[in-house]
Amino acid sequence: MAMYWLILTIALPWLGALVVWLAGNRREKLSHTLAVVFSVASGIASLFLIPYGNERAVFFIPIGGVFGDFTFVADGLGVFLAAIANVVGSLAVIFSVDYMHGEAQLGRYYAFVLFFIGGMAGLVLTSNLLLMFFFWEITALCSYALISFHNDDLKAVAGGIKALIITQLGGIGLLAGALLLYVYTGSNDFQLLLENPAVLPVGALGWMAFGCLIAAAAKSAQFPFQTWLPDAMEAPTPISALIHAATMVNAGVYLLARFYPAFAEVPGWREAVMVCGMLSALMAAFMAMVATDLKRVLAYSTISQLGYMVYAVGAGGVFASQFHLLSHSVFKALLFLAAGAVIHSAGTRDMRQMGGLGKFMPLTRAVFVIGGLALAGIPIFNGFWSKELILEAGLHGNPLWLYALMVIVAGLTAFYTVRMISMVFYGEARPGLHIHDAGKAMKVALLPLAIGTLTTWLLAGPFGSLLAESLPAHHLEVESTLAVVEEVITAPATYLALAVVALGWLSGWQRGRLQPLAKILGGFGSAAADSFGFEAVNRAVVNGTQRAAEALRVTQPGLLNWNVFSIVCALLVLLAALAVGGR
Amino acid sequence: MMLSIPNLVILIVVGLIGVGIYALLTVRNLIKVVIALQIMVKGALLALVLAGRLQGQENLGQSLALTVIVADTIVAVVGLALAVQVRRAFGTLDLKALTTLRR
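First to last, the protein sequences are chains A and B. Per the working numbering: the first sequence = residues 264 to 846. Per the working numbering: the second sequence = residues 44 to 146.
Because the hints were derived from the structure by calculation, they are not lab data. Heads up, none of these hints are tricks.
To give an idea of the chain B side of the interface with chain A (calculated C-beta under 10 angstroms), a few residues: (1) Val70; (2) Leu73; (3) Val76; (4) Leu138; (5) Leu141; (6) Thr143; (7) Leu144.
Even for Gly, the Cβ is constructed at its ideal location relative to N, Cα and C.
Given the sequences, and given the hints that come with them, work out the whole structure.
Written as C-alpha cells, this is what we have:
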C-alpha cells in the first residue's frame with residue numbers, strides 16, 4: 264500500500280504538470296481547475312504516506328550501470344518533507360487562483376509549479392545520491408523559471424539567472440559528493456554510508472562532507488551565498504511562499520540532516536556548519552531590520568530562520584532542526600501568502616507606502632499577526648517551541664559564544680517582526696487607498712496555514728518517534744509532546760531567550776524613540792542594506808559566469824562541419840582512453 | 044601484410060568512412076551532406092558483412108546489413124525531402140547561411 268502512495272506523491276504532480284502544459288494557455292479556468300485538482304490530490308496522497316513512514320517502504324526502478332537502482336525510501340524524514348512540499352504546494356496553487364487571476368500564460372506557470380512539487384517530493388524520498396542530484400537540479404530549474412515568470416521584466420530575469428547560477432555552483436559540491444560515493448562504494452545508495460561512514464576513507468569523507476555543506480549553503484541561501492534569495496522575490500508571491508520559504512530552500516537543511524550521522528565525525532565539519540548557520544542568521548536579521556520591501560524582509564527572515572536550522576544540525580540537534588523546519592514552513596508560507604494578499608490589493612511592495620491596512624483587511628491582518636508571533640518566537644505558537652529546542656540543543660556541549668549570538672538573533676527577529684507588522688497594518692492609512700480584503704481562494708489557502716501555525720507543535724512527540732524509528736543511523740532521543748513541553752518550560756534558558764525576545768519586541772514597538780541610536784549606527788545600517796559587501800561578491804560570480812558563457816559562444820556556431828569535427832575529436836579521445844585503459 | 048580479401052575489405056571500409064567524414068567536415072551544401080552520410084553508411088554496411096563473415100555468423104551479419112539498408116534509405120529520403128523544404132523556405136542550401144546561433 265505504502266508503495267502506491269509513494270509513487271502517487273511524485274507521479275501525480277508530474278502528471279498534472281504534463282496535463283496542464285498540454286491544456287495550453289488559452290483557457291484560464293481550465294488551467295486553474297486542473298492545477299488545483301492535481302495538486303490537492305497529490306497533497307492528499309502525501310498525507311496518506313505519512314503513517315507508513317516507520318515501515319520504510321522501498322520502491323525501486325532497476326536502471327543498471329553506473330546509475331544503479333533508482334531507489335525511493337519512505338522513511339520519516341522523507342515522508343514528512345514530501346508532505347510539506349505537496350500540502351503547501353496545493354495551498355499555494357489554490358492561492359494562485361486568486362493571485363494569478365487574469366495573467367497570461369497560466370499553463371506555463373502551473374506546469375512549472377507542479378513539476379517543482381514532484382521534483383521536491385522525489386528529492387526527499389530518494390536514497391540514490393545521483394538521482395537526488397537530478398531532483399536537486401530539477402528544483403533549481405523550476406525555481407529559475409518561476410522567478411523569471413514575468414519574463415518581460417528585466418529585474419525578474421536577472422533575479423532568476425542569479426538564483427540559477429549560485430545554486431548551480433553549490434550543485435557542483437553535491438555532484439562531487441555523489442561521484443566520490445560511487446567511486447569508493449560502487450553504488451549510489453547512501454544508506455550504506457549512513458550506517459557505516461567508514462566505507463569511505465577519511466580524506467574522501469571530508470571532501471564529501473564539505474562539498475555537501477557548500478551545496479546546502481547555496482541551496483538554503485546561507486552564508487556566503489545568501490544574496491540570491493532576496494533577488495528571487497521578483498517571483499509571483501505564491502512561488503515565494505512555496506519555493507523560497509517552505510520547500511526548496513529547506514533542501515539544504517534536509518541534506519545536512521540526512522547525512523549528519525556520516526559527517527558528524529569529520530573534524531571541523533560540525534563547527535563549520537554551526538558558524539555558517541550563525542553568520543547567516545545574524546547577518547540576515549540585521550538586513551531585515553533595515554529593509555523596506557515587504558517581501559525582502561520576509562526573505563531575510565527566511566535566511567535567518569534557515570540559519571537557525573543549519574546551526575541546529577551542526578549542534579547535533581537534528582530533531583530540533585527538522586521540527587523548526589516544519590514550524591517555519593507553515594508560518595512562513597502563511598506570512599508570504601498573507602503578504603501576497605496585501606501586495607495584491609495595495610499594488611506595491613514598499614512598506615513605507617502601506618500603513619493602516621489592518622482596518623481594510625482584518626482577516627489578513629489576523630493571520631499575518633499569527634505568523635509574525637510564531638516567527639518572533641512568542642509562546643504557544645509553533646515557532647516558539649521549535650526555536651527553544653534549537654537553542655537548547657546549542658547548549659549541549661557546544662561553544663557558548665555561538666549560543667549567545669543565536670539568542671541575540673532571537674531578539675533581533677522580534678524587533679523586525681514588530682517593525683514589519685506595524686509598518687504594514689497599523690498607524691495612519693494613506694489617503695486615497697482602495698484596499699479590499701483577500702479573495703475567497705486566498706482565504707481557503709490562508710486558514711489551514713493559520714490553524715497549523717497554532718497547532719503543529721502538538722505533533723512534536725509523534726513526529727519525533729517517527730523520525731527515531733525510521734532513522735536508526737541518527738540515534739535520536741524520543742520524547743512525548745508533553746515531555747518536550749515540560750522540558751522547554753522548566754529550562755532556565757527558555758526564560759533568557761524569552762526576555763531577549765521581549766526586549767526586541769519592545770524596542771521594535773518603541774523604535775521611534777530609538778532614533779538617536781539609529782543615527783549612531785547609521786553606517787552599520789547602510790552596510791546591512793548592502794548585504795555587508797557579499798552582494799558585490801555574488802554579483803561578481805554571476806557576472807563572471809555570464810561573461811565566460813558569452814566567451815564560450817564561439818564554440819557553438821551551429822555549423823554542421825564544426826559539430827562533426829567535435830564528434831570526431833571526442834571519438835578519438837574515447838578510443839585513446841579505451842586503448843590505454845583497456846590493457 | 045598480405046593483401047588478403049578481409050584486409051582488402053577493411054581498407055575499403057576505412058576508405059568509405061574516411062571519405063564520408065572528410066565530406067561532412069568540408070561540405071557546405073545540404074544535398075552533399077546527405078550524399079556524404081550515404082557513403083559513410085555504405086562503409087558501415089560492408090563492415091557488418093565482413094564482421095559476420097569473420098565471426099562465422101554470415102547470416103546474422105547480412106541480415107543486419109539488410110536492416111541497415113532499409114533504415115538508411117529512409118534517412119536519405121527524409122533528408123532529401125527536408126533539403127527541398129529548406130531550399131523552399133530559406134532560398135538556400137548553404138549550411139553557413141542557415142545557422143542562427145552565430146552573432
